[in-house]
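> Sequences and hints are given; from them, build the entire structure.
Taken in order, these protein sequences are the chains called A and B.
Position one of the first sequence corresponds to residue 0 (numbering that gives the first Met the number 0), numbered consecutively onward.
Position one of the second sequence corresponds to residue 0 (numbering that gives the first Met the number 0), numbered consecutively onward.
I should point out that these hints are in silico values taken from the structure, not numbers from a laboratory.
Just so it is clear, the structure is predicted and the values come from calculations on it, not from any experiment.
Misleading hints may appear alongside valid ones.
[Stated by the list, open to error] No farther apart than 25 Å at their CA atoms in a straight line, the calculated lysine-lysine pairs in the BS3-like style are these:
| hint | chain 1 | residue 1 | chain 2 | residue 2 |
| --- | --- | --- | --- | --- |
| 1 | A | Lys340 | A | Lys44 |
| 2 | B | Lys171 | A | Lys85 |
| 3 | A | Lys85 | A | Lys249 |
| 4 | B | Lys214 | A | Lys195 |
| 5 | B | Lys110 | B | Lys214 |
| 6 | B | Lys180 | B | Lys191 |
| 7 | B | Lys35 | A | Lys249 |
| 8 | A | Lys44 | A | Lys249 |
| 9 | A | Lys84 | A | Lys249 |
| 10 | B | Lys180 | A | Lys195 |
| 11 | B | Lys180 | B | Lys214 |
| 12 | B | Lys8 | A | Lys84 |
| 13 | B | Lys8 | B | Lys110 |
| 14 | B | Lys35 | B | Lys8 |
| 15 | B | Lys171 | B | Lys214 |
[What the hints assert, rightly or not] Short, incomplete list of chain A residues facing chain B, as computed with Cβ under 10 Å:
| hint | residue |
| --- | --- |
| 16 | Val47 |
| 17 | Gln199 |
| 18 | Lys217 |
Built from N, CA and C at the ideal position, the CB exists for glycine as well.
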Amino acid sequence: MAEDEKHSIPRTVPIQSATFTPAVNAEIRRAAATGIYDIRGGGAKRKVPHFDDLLFLGASVSRYPLEGYRERCDTNVVLGTRYAKKPIELDIPITIAGMSFGSLSGPAKEALGRGASAAGTSTTTGDGGMTEEERGHSTKLVYQYLPSRYGMNPVDLRRADAIEVVVGQGAKPGGGGMLLGQKISDRVAEMRNLPKGIDQRSACRHPDWTGPDDLEIKILELREITAWEKPIYVKIGGSRPYFDTTLAVKAGADVVVLDGMQGGTAATQDVFIEHVGQPILACIREAVRALEDLNMHREVQLIVSGGIRSGADTAKALALGADAVSIGTAALIAIGDNDPKWEAEYQKLGTTAGAYDDWHEGADPAGISTQYPELAARLDPVEAGRHLRNYLKVMTLEAQTLARACGKNHVHNLEPEDLVALTLEAAAMAKVPLSGTDWYPGKPGTGF
Amino acid sequence: MQIFDLEAKGLRALNSTLQGQGPDTNETAWEIVNAKGSHAIAVGLTAPIDVTVRGSTGYYCAGMNAEATVRVDGSAGPGVAENMMSGAVIVEGDASQYAGATGHGGLLVIKGNAASRCGISMKGIDIVVQGNVGHMSAFMAQSGNLVVCGDAGEALGDSIYEAHLFVRGTVKSLGADCVEKEMRPEHLEILKDLITRSGVEARPEEFTRYGSARKLYNFDIDNAY
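Below, the structure is given as structure tokens:
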């Protein structure tokens, strides 16, 4: 018998490294086996300061609340009032973000159009051109103008209700689009003028302009082609929100769309999603500061996105100065993405409901991020559209509830003074007081 | 011939007037004077009219053109005929960068030289440059034909897809995945047609063809295990 066993000397317990976690080690092994970086869909999964770190104060003796179920609290928003002859008027301050046909199935695009239209808001095309499904079922459709220019043509440009010049997106500021071969079907290949089945990687910057001075001329051209009717949005990723917003306004944007790192993508490198860009919470006040410095706050509207999930998130974003929010991932979940009813099939794919993010592989059991007809047919666009409408309705009711509690008769009357932060980080980013204090890091006049 | 004084009437009036011409208009010939390098001249046209711009143009002349024939009696600024769908654009002088960018169809003829990124991301357009083209021309070119009667700069056809590139002179360097390819009879026919339509004095046999090696079409994944 060994001496250690005879005397039962305690041994150290196995300790997993906090640095080399099981997930990290698994990724090292996967990289070593394949020689390719991890590609996935969705947005940042790491925990970052977010709207959950903010609280509304509500009315009290010093503030007068509105009756929760009776008194009026408006939610409408007008986008594109700066130059466009025909601004977009929405019933609710929640829009559907750009998602391409190609990354999404035809029924999914139809469902988004149906749900958004029923809720009185807009939906947006993506990197792949405009489909009849989304134009036909969207009363208000924003047409994205992307570096790839796949499917771009003047007929669709004129059929759109607004044009969104995409400079960047929150999941990958500085990165281009990606659509792998499994999803380049005959129809997608034809729309994008690409060989079928290739791993398509589109450009990260526009082919015919390189800076804000050029962008100003590009916007002029788009306005001339569309008779100055359409609002021109400029979408930027959450990297340098003060300067990017300033330059977008300088270039002539009617609307700035600001997307934080939690914003999803159809596919890109995981290293990009998790390590580039800033949380949306850190971006909003800087963008608003840029607009205020230019005396353009509310004249150029600000739409923010990236991890918006609820009416509370919406109300907080508006209180920080946004005019509207945009949802992508949440809308997909509302129409059936990652639904536990497909758990058995998620298991076959080596994942589980809620964690499925291999959208680029096109094997989505829910029939949303796929181009396989048999999978796409699983999604009933009418039923899915109804779910999206209901979800948007709930988000709006929640935002109204919070606004009334703060004494506001329009959700746009919410203001930073209605908020406090639970953490120092959130206080610094949102520039609202740390709960229980009248201070936040960087507050002017406090010295630190 | 309709004469339009751009300086006197303004850009919005110009484009509104030209875009307002229907397919059966009898006002088919237009001349724009006092262009003075303005941007976005004659953009978004949709009718088979013939527009001549006297003088040089700024950015995006004839952008998104469909059906019309636009002639620039001078040189063109960046992005001439960008995203052209059909019709023709003829530049008598030189063209700045991004000429014919993302064009889906039609014919762009540049009688002088074209600067960098000529034909970038082209999607079916035919481009004939009688002089030289600058660096990164035909970057990510998807389809269509780029004919260069002179020389090509660095990184020609970088990350090219299925576009055909024909160069009569020298090529300073080829971009990633762009290679010299065999000139087959069908390519000579394409060249002959484009040379004829653009009025170039050249023989198809004088050109060398370049295109995609197709080695970047899919990710390089080690599936050996």
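> Honestly, which of those hints from before does the structure not fit?
2, 5, 8, 13 and 16
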